[in-house]
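K.L.:
First residue of the sequence shown: 1, per our numbering; consecutive thereafter.
Please keep in mind that the hints were generated in silico from the structure rather than gathered at the bench.
Glycine residues also receive a C-beta, built at the ideal position from the N, C-alpha and C atoms.
Just to be clear, a hint being listed does not mean it is correct.
Okay, the calculated beta carbon distance ranges per label pair [to be verified]:
| no. | residue 1 | residue 2 | range |
| --- | --- | --- | --- |
| 1 | T1080 | G983 | 50 to 56 Å |
| 2 | N37 | S217 | 50 to 56 Å |
| 3 | R240 | H334 | 17 to 23 Å |
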Amino acid sequence: MKYYSKLLVSLLSVLLIVCSLSYATNGLTIKNECPKNWVSYSSSCYKFVRSNSSQFYNASNYCDLYNAKLISVNDFEENDFILDWLQDNDPYRRIWLTSALVSYGQNNWQWTGDLSKFINNNDLWLPTNASYERMSFNGAAYTFSYTFNKWGLIRVDNQRPVYSFICEFHNTNSAGNSYLDRGIDYGLNIHNKSLVPRGPRITVEPRDVVFDISGRSHSNQLKLRCVADAHPEPSYTWYREDHNSNGLLVGTPIDPLDDDRLTQTDGTLTIFNPKQETDKGKYYCAAMNVYGRVISQTVSITFGYILEFNKKRSIERGKENWGKSISCDAPQHHPRVLYYWTKAEFPNFVQEDRRVFISHDGNLYFSSLEKIDRSNYSCQIQSLISSTGRFGPSFPLVVEPASNGQKLQFANGFPKSFPEGPLAGDDIRLECMAYGYPTPAYNWTRVSPTQHMPRGYSLRNDGKVLVIPRARIEDEGEYVCKATSENESLQKSVRVSVQARPRFTQPLDDQVLGEREQLVWDCEAFGLPHVTYSWFKNGEELSLATMSPLDAARYTIKDNRFMIDSVQRERDSAMYQCRASNQYGSAFSSAQLRVMNLKPNADKDPMPLSVQAMVDQNITIPCYVEAIPKPVITWRKEGQQIEDRSRIKVTPSGLLQIARVRVSDAGGYECQAENHLGALSTKTWLVVKPAPIIAEPIQRREIARFGDTKTLSCEVQQSDSYNMEIAHVWLKNGLMINFDDPTTANKYSRTETGQLTIRNISYIDQANYTCQAQTSIGTVERSGTLLVRGPPDACGAVSADGLTQFSARVSWTDGSDHLAKIVFNTIEGRTNHNSSWTVLAANISAQLVQRNQYLHQPIPVSGGPLVVPPPAVGGGLTGFYRKTFLLQNQLMPWSIYEFRVSATNEFGQGPPSEPSAKYRTDMSAPRFAVSNLRGGGGKAGTLSIKWDPLPVYAWGSNEIWYQIYYRLNGTYEWSKRELTSAGGLTDAYTINVGSENFYKLFDVMVQPINSIGAGPLSQLAYIRSAQQMPWIQPNNVHGVAHNSTSLNVTWSFPTDLLMPDPESSESGKLVGYRIRYWPTGKDPQTHSLTKLKRGNETWGLVVGLQPDTEYHVSVMAYNEAGSGPESESFRLRTFKSAPQRAPTSVSAEFLDDTTIKVIWRGVAPITTNEEPVLGYKVRYWRYDEPISSAKDLIKPLGGDELSLVLSNLVPGETYKLRVLAYSSGGDGKMSSPELIIKIKSQPSES
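Construct the complete structure from the given sequences, taking the supplied hints into account.
P.N.:
Listed below in structure tokens is the structure:
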């Protein structure tokens, strides 16, 4: 509080006699731009004032000093701008006061800054926060909600001195504000900003350098670069940090002339042939000119390397269907590296999928090993700064058979975060890996401090990896990975803590002060861990213990505040720096202090010779003067000193304001500024003219219908003696309508006489409209409010009570009816089980009840905490009454409900309300039966039963289980099994019915049960128990070669002896046969393959074999229970290879219009590994069809001429043909290229 009072006084001490006219006047130029340290958006300027001790009154006074007001937010775009600025610039999450006020006991909010009302204010508020939403709180402020992970408005007590605040003014009102904050050019009449004398500021900080030792052949130098802005241009010096004999860290200047490896150009230091023993270390630069000296951040030079892998590595072993991790065992390296894995040989890289994963730390993981994983593996690494890499040794992975698969469990250390200590701005990678068979699926959620996932997050690697790009502080919290595999699931969390390097949120500003004035500098930086501050003068750290007693008596250093009492030009004019540091780095903010005295001067913006105004207008006469120290300000008219009156006054900052100008105010005015250095007098002449009259103004209250077109009039009359050009301008809620904006061209139009036409009217058009008639000397205006009739606004303050198993009473407040009575409402609901909204009651007439006299007061509800409804938007009775309706037998038991309500009037249905708080219904027994009861299969002697489990919303409680009823078909007594520990998601169960009861028909029913009671039985299902495996082996296995790559195998099997009970007609059903084959001389356990042959046919074709190779073949029968015994093997050999050469010299000649003769030259075997040629085939097909549609004509070997005749070809068609030889080994190679034959078309009949 004391500091801000001093700040106001200090600002007032700056000489500013300005006028901010809302119109252009002769001889006066108004600059529509934002002053220094103000933020521009649309047509307004904003100043975000950080404080923890302001309240509404002194915040308003501070804004008044700049001819500004506390902020008023007029549309969603402006609200989004505020939220974005706060998100990017306030990591400390302050509470930012606005101009909003509300009438006590009402919901009538208003922006006091521009006297406009809230527009759709529900959308500006944060979701309900009981610690702020109190009836006695009459203000509104922006703050950050960690629960909802976003910024928004809350209700506050604006009289408490705890707030920061936001000022706003229209940019046409900016004249003179630049003089309140003295810039470095204060007192200098230099219009080219680049020529303003100023001390250096580092604009390009040096960066850490890692030199790649292995890349010397490509580049054998490194550079450190530092750039500063200054006038005159600065000189640069580089320093290396070393410890002196006392152990203190000091900077040793680097002279490039002392080492021929060094060169320096401006702020760039180049080191040729870098040497680790001499060049590794920390460095910083200094920039200096006549106004002072600044230093840069400290950076380091390091040297990159990668050592060698161990040359040998032992065998890795794992079990089939069990998880496995393999470490890369990378050698030491700097900086970090990328990891790659190869399988079998380079460059066959391991491909990641649902089952295989390469972690960020280089380890290779398998959720469950398979036989195809047997191979040799090698890990490779590559440096991030170059193409340098290393190849690890190759080693085998042996996959051993296992009798069962691994239960679901997380791999060691998962889930995990990379990096382990992330900094703000880093990409965070959260990894999750679980072992288990079948392969698990993954899902990531966030549980604290909010359930909202970070902005821009993505899932990769089949859900195993959650990536948070450019992490922010609010992204820290607890994240949970859930792995699911069939009926198993498990979850585990990982904690993410985001740290931050120092970043300035409030940098230093240049200060221009007079002798003996007080300097107060505040800098603010954000970092985690919290930052510490140091202050520097001309590059040397300030310490009260080491400075002169004279300075120590005047200097105050307290964390981020630096003060000098009674500044002196010779001792204190310099460059100053604030340094913010934590363990992750440091940041500098630099500024210049100029100490000077200045007699009053108006050279920059001289007073215009004359100023024109219109009768009844308000004006402020400008007088721009720069002076240090503060002068005495005097205004005179016609030589007479002006004293403050009700209509004419001089502001504390020296502005001359005249309200409701009269003709008698015309005349000569003089502004005089005087301090001990001198005096200045500037004069102007005020000309007063009559104002034009708006003859047909907009009505105070205009009414339009939703969707219609409305025209608002603004016709102007003016005096004949002052006939001025008129420009019509329309404002909506104080903001000018841009008729040239293509996005609103279909909405607004304006005629030459000033009429405004609004098309397709909606509620966003319901606003205050102002017509301004602008002349060269001023503006007249008239305003009116446009009201829109149409469907109601959204309802508000929705709550519920009296919840039972199936019913609840819902209450709400209707929104604005928009001048048409609300005739009925519609209630919708959604649950924790289904996020879609469902109509629960439509077109209802609700009961109207007296509302609690304190609006927005917490309402006690059943089954939950106090719920505070958001501010309601409404009219009519909504300020004092609520509606209520009983939803009877409409809800699901033990479900968490949210409700929303919409209203309907004669114009239609309005939008739904915001969702209510969450409410839970009571428990009940299940009301629904399970469905899709089925089963069969499994191990002999078992009855396998499956069903579709009840969805969670139908459980009626927090858990359910199932009871199974079963009996042998044709019997009367039921058996039952109650699955009390299986859970509600169970969808299968296997019952042991005895090995004698295989493939028997059973009657089955399933019933859901919870702690309240049992639900209905399912429909009766008929399910057979499992079959017995075949117990007879096939016999008479025989085979012949089909060609060089396939064998035709036959066998016999007594299907009437399939099961051990041949008398039973229901003993089982054969599915097919398994044909097992392997090359002679190979181990059948490791080299055999199996072909499935479904059906009862006792033959099969085995393909994909090697030519002229002997194979063993055996056969076994199988059914749903498994495979029977294997037959004795039969040994047979494939044919030799098919012809390896293609026929040549293929040609064709026409015998008639549709017959051709094809001739070719034959082939001879290349080697003895080919079967003898048996003949040739001519393969032909239509030109526009694929070769798969080709036909073959066969020419057996024999005769002198190799030729074939193709007849009955289609006239007009084009054919392709190729010739090939065939043998017992199969078809040989075809001739090439294809021969193309065009068949003549038949002449048409005349």
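K.L.:
Look at each hint and say if it fits the structure.
P.N.:
Consistency of the hints with the structure:
1. T1080 with G983: 50 to 56 Å: Holds: the Cβ-Cβ distance is about 54 Å, inside 50 to 56 Å.
2. N37 with S217: 50 to 56 Å: Cβ of N37 to Cβ of S217: about 52 Å, so the range 50 to 56 Å holds.
3. R240 with H334: 17 to 23 Å: 20 Å, holds
Violated hints are absent here; each numbered hint is respected by the structure.
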